[in-house]
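**Q** Single-letter residue listing:
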Amino acid sequence: MTTRLLAVAKKEILHIRRDSRTLVMVIFFPLLMLLLYGYALTFDIRLVQMALLDEDNSVESRQLLDKFVSSGYFKVRYRLSTPAEMGGYLDRGEVKMVLHIPPDFSSQLLAKRVAPVQIILDGSDSNTANQIFGYIRVIVQNYGRKIMMSLFNKEGLQVSQYGPPIDFRPRVWYNPELKSTNFLIPGIIGIIMTLITVNFVSLAIVRDKEKGTIEGIMASPISKIEYILGKVLPYLGISFIDLILVLIAGVWVFKVPFQGSLPLFFALSFLFFFFTVGAGLFISTLTSSQQIAWMASFLGTMLPSIILSGFVFPIENMPRPLQMITYLVPARYFISILRAIILKGLGLSYLVQETVILTLFGIVMISLSTLRFKKQIV
Amino acid sequence: MDAIEADRLTKKFGDLVAVNNLSLRIKEGEIYGFLGPNGAGKSTTIRMLCGLLRPTLGSARVGGFSIVEEPEKVKQIIGYMAQHFVLYDDLTVEENLRFYAQIYIKDRKRAVRQVGEMIDFFDLQPYRKVLARNLSGGLKQRLSLTCAVVHQPSILFLDEPTAGIDPVSRRTMWDMLYQLANRGITLFVTTHYMEEAERCHTIGFIWQGRLAANDTPQRIKESLMEHEILCLKASPFHQAFDILKGLPAIIDVNIYGDELHVVVKEAKAALPYIKKELRSRGVLLEEVFQMKPTIEDVFVHLSKEEGRK
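The listed protein sequences correspond, in order, to chains A and B. Read in order, the letters of the first sequence are residues 1 to 378 in our numbering. Read in order, the letters of the second sequence are residues 379 to 687 in our numbering.
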């Protein structure tokens, strides 16, 4: 058994070495995907461009503005002199928001009355607008509280008496900086590994079918298990190299903190590869055209695992029927395993359910495709 | 024991009957030529005999093993050279050979030794490190043949080994086939080159899935042609063809290059009649003589007969 298996594996490695496109695909494609996704896909709001209309021009109005700028999330791009100018900048998309401080801001404030401040937000990207809104609320409330306290102080009142009744000290676990890349990179690793393993395996076998070279194999006494294993093993090896590369890049370039156990990470990835290899094999039994195989592996595994795995779109927010479908997407379990290991440092005992489900998916997919794979033409 | 015994072998693809009730026996050490036009069922038959396709009905024994029950045992003792080039064109000659040797031969040392011997036997020494894609058509076929016999099979199936290669390479290919036959290998060769049929010990002619003839080339020519053939050149050529085709005394007319082969009951009786008919319609008869039927005449005749059935 091993002689034949090794002969097939050795031949496959020769193919990979001879074909520079495969080599590039193998090494650079996963890294490129990681960098592209990692940099392009971020939900963090960095510098919000804003316009300022300060009609008050007082110490207080400048203090408020200073709170905005020093938060690090806002940048004043234009200073306006009349309210009529505001619309134009928003229309052209040059600013995301306008901060309008009316003339009576400081006088109302000092008179301990409610001081009006107007914020106009560009809500066309509702997600971003929501986040900006959150930031603004915190800044304005903080400033309001501070100014009130200093006013009371001046009048000799004890501040502590009027201090906030609840001591609110939020702490964020697993991703203390709330960096969206920390959340996304494990998902990206899952997606990349799905795409390349399914693709590698299906293309490697379909290539033999497309070129007709499989006829020589079928006429020989090699068993289908020997052939399949010989084909798959080199790509499994490459998948692990890619996994390591992508992980190193994620930790090194995107500073994702790796909390968990490395052996567990590799062991569960290996388990997931059972499924992806099986899916690749399955696709190779459906078609003998490399193009169709590529399309099938893209549509059949990539799309569901991007959209329905919780990679970007939270599963909890999906309508119920769609949520049911996500249970059938193995990438969902793999990505939650990756996040648990990388960000939370959880051990196997916390991941039993996902591990069992992934194992089942792997067994079903491998058996299904091995049964479908025929060493005869008809 | 016969090397190949096929018993009412039948293969249907849906409604299409590709091979219909085909029975034949091939003796050990024989070169069996399997002829027929494209689509007649040659490749389907060969694929069934190699255990690649399951017959719908009937069965066959190849080297004593049933192709239905033990196809993997059949595969171990046969060599198969597919119709198209099915080797890896991004591997070198030697790498291709090593791959096939290791798939068939468990003992690694024996596999390597066998590759060396075969490279010498088929004169591939100068091309050992050449990528298969850079070989000429003839050399590709030679490499395919070498890969098919690298494990020393006792029966070799060749699906159109000479299709699409130049006449010199074809001749070399046949020389190699004879050498293999001399070593005692049974050869099952499909071809649609009629002149190659005469190189075989036995030939079978398949037409629309049926075995229409199965005998030595000599006996096929004698037994099936109760007619005689006149070879003639005339101008205008196509007018002559049309006239002859319409004459009731003429059984068949076929075009071979710039000659017409006219099938008649008796050449001597028909000749004056043909001359008269052509002259009366203004066709110039340049040359005419009686010829021995070739295998091709026989098969063209046979296929027309079968078509009429």
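Simulated from the structure, these hints should not be mistaken for lab results. You may find that some hints are simply not true.
A few chain B residues that don't get close to chain A, going by computed Cβ distances all over 12 Å [stated by the list, open to error]:
#, residue
1, 449
2, 467
3, 489
BS3-like, lysine-lysine: derived pairs with alpha carbons at most 25 Å apart [unchecked claim]:
#, chain 1, residue 1, chain 2, residue 2
4, B, 390, A, 10
5, A, 10, B, 507
6, B, 654, B, 599
7, A, 10, B, 487
8, A, 209, B, 643
9, B, 611, B, 643
10, A, 10, A, 67
11, B, 623, B, 599
12, B, 670, B, 653
13, A, 374, B, 390
14, B, 451, A, 374
15, A, 209, B, 611
16, B, 507, A, 375
17, A, 154, A, 10
18, B, 484, A, 224
19, B, 451, A, 224
20, B, 487, B, 507
21, A, 10, A, 179
22, A, 211, B, 646
23, B, 599, B, 611
24, A, 374, A, 10
25, A, 211, B, 611
26, B, 623, B, 646
27, B, 451, B, 487
28, B, 599, A, 10
29, B, 451, A, 209
30, B, 670, A, 375
31, A, 374, B, 484
32, B, 623, A, 375
Pair ranges (Cβ atoms, derived) [to be verified]:
#, chain 1, residue 1, chain 2, residue 2, range
33, A, 367, B, 391, 41 to 49 Å
34, A, 367, B, 432, 19 to 27 Å
35, B, 448, A, 291, 52 to 60 Å
36, B, 484, A, 27, 49 to 57 Å
37, B, 542, A, 319, 42 to 50 Å
38, A, 319, B, 512, 53 to 61 Å
Every residue gets a Cβ at the ideal spot worked out from N, C-alpha and C, and that includes glycine.
**Q** State for each hint whether it applies.
**A** Evaluation of the provided hints:
1. With a least CB separation of 7 Å from chain A, residue 449/B falls inside the 12 Å interface cut-off, contrary to its annotation.
2. The Cβ of residue 467/B does not lie farther than 12 Å from every Cβ of chain A; its closest approach is about 8 Å, which violates its non-interface assignment.
3. For residue 489/B, the condition that its CB be more than 12 Å from all CB atoms of chain A is violated, with the nearest at approximately 8 Å.
4. About 38 Å separates the Cα atoms of residue 390/B and residue 10/A, which puts this hinted pair outside 25 Å; it is violated.
5. Only pairs whose Cα atoms come within 25 Å are accepted, and residue 10/A paired with residue 507/B is accepted, the gap being roughly 17 Å.
6. For the suggested pair residue 654/B and residue 599/B, the alpha carbons sit about 30 Å apart, so the restraint of at most 25 Å is broken.
7. Between residue 10/A and residue 487/B the CA atoms are separated by roughly 17 Å; this keeps the pair inside 25 Å, and the hint holds.
8. A C-alpha spacing of about 52 Å is found between residue 209/A and residue 643/B, which places the hinted pair above 25 Å, so the restraint is violated.
9. At most 25 Å may separate the alpha-carbon atoms for a hinted pair to count; residue 611/B and residue 643/B meet this at roughly 20 Å.
10. Of the supplied pair hints, the one linking residue 10/A and residue 67/A is violated, its CA atoms being roughly 65 Å apart against a limit of 25 Å.
11. Distance hint between residue 623/B and residue 599/B is fulfilled; the C-alpha atoms sit about 23 Å from each other, no more than 25 Å.
12. Simply put, residue 670/B and residue 653/B have alpha-carbon atoms about 20 Å apart, close enough for the 25 Å limit, and the pair holds.
13. Restraint check: the Cα-Cα separation between residue 374/A and residue 390/B comes to about 19 Å, which is no more than 25 Å; the hinted pair holds.
14. A threshold of 25 Å between alpha carbons decides the hint, and for residue 451/B with residue 374/A the separation of about 17 Å falls inside it, so the pair holds.
15. Pair hint residue 209/A plus residue 611/B does not hold up; C-alpha atoms about 49 Å apart against a cutoff of 25 Å.
16. A C-alpha spacing of about 31 Å is found between residue 507/B and residue 375/A, which places the hinted pair above 25 Å, so the restraint is violated.
17. Distance restraint check for residue 154/A and residue 10/A: the Cα-Cα separation of roughly 84 Å exceeds the 25 Å cut-off, and the hinted pair is therefore not satisfied.
18. A distance of roughly 16 Å separates the Cα atoms of residue 484/B and residue 224/A; the hinted pair therefore holds under the 25 Å criterion.
19. A C-alpha spacing of about 14 Å is found between residue 451/B and residue 224/A, which places the hinted pair at or below 25 Å, so the restraint holds.
20. Taking the CA atoms of residue 487/B and residue 507/B, the gap is near 20 Å; set against the 25 Å cutoff, the hint holds.
21. Our distance criterion of 25 Å between C-alpha atoms is broken by residue 10/A and residue 179/A, whose separation comes to about 44 Å.
22. Annotation: proposed proximity of residue 211/A to residue 646/B is violated, straight-line Cα distance about 56 Å (limit 25 Å).
23. The suggested pairing of residue 599/B with residue 611/B holds, with an alpha-carbon distance near 23 Å, which does not exceed 25 Å.
24. Between residue 374/A and residue 10/A, the direct Cα distance comes to roughly 23 Å. Compliance with the 25 Å bound is thereby established for this hinted pair.
25. A threshold of 25 Å between alpha carbons decides the hint, and for residue 211/A with residue 611/B the separation of about 46 Å lies outside it, so the pair is violated.
26. Pair hint residue 623/B plus residue 646/B holds up; C-alpha atoms about 19 Å apart against a cutoff of 25 Å.
27. Distance restraint check for residue 451/B and residue 487/B: the Cα-Cα separation of roughly 23 Å lies within the 25 Å cut-off, and the hinted pair is therefore satisfied.
28. At most 25 Å may separate the alpha-carbon atoms for a hinted pair to count; residue 599/B and residue 10/A exceed this at roughly 52 Å.
29. With a C-alpha separation of about 23 Å, the suggested pairing of residue 451/B with residue 209/A holds against the 25 Å cut-off.
30. For the hint linking residue 670/B to residue 375/A, the alpha-carbon distance of about 47 Å lies beyond 25 Å, and the restraint is violated.
31. The straight-line distance between the Cα atoms of residue 374/A and residue 484/B is roughly 23 Å, inside the 25 Å bound, and the hint therefore holds.
32. The straight-line distance between the Cα atoms of residue 623/B and residue 375/A is roughly 50 Å, outside the 25 Å bound, and the hint therefore fails.
33. Restraint check, residue 367/A to residue 391/B: a C-beta distance of roughly 29 Å breaks the suggested window 41 to 49 Å.
34. Restraint check, residue 367/A to residue 432/B: a C-beta distance of roughly 22 Å satisfies the suggested window 19 to 27 Å.
35. Distance hint check: the CB atoms of residue 448/B and residue 291/A are about 37 Å apart, inconsistent with the given range 52 to 60 Å.
36. Look at residue 484/B against residue 27/A: about 35 Å separates their beta carbons, and that is not inside 49 to 57 Å.
37. Checked against the hint of 42 to 50 Å, the C-beta distance between residue 542/B and residue 319/A comes to roughly 60 Å, which is inconsistent with it.
38. In this structure the supplied range 53 to 61 Å holds for residue 319/A paired with residue 512/B, their Cβ-Cβ distance being about 58 Å.
Hints 1, 2, 3, 4, 6, 8, 10, 15, 16, 17, 21, 22, 25, 28, 30, 32, 33, 35, 36, 37 from the earlier list are contradicted by this structure; the remaining hints agree with it.
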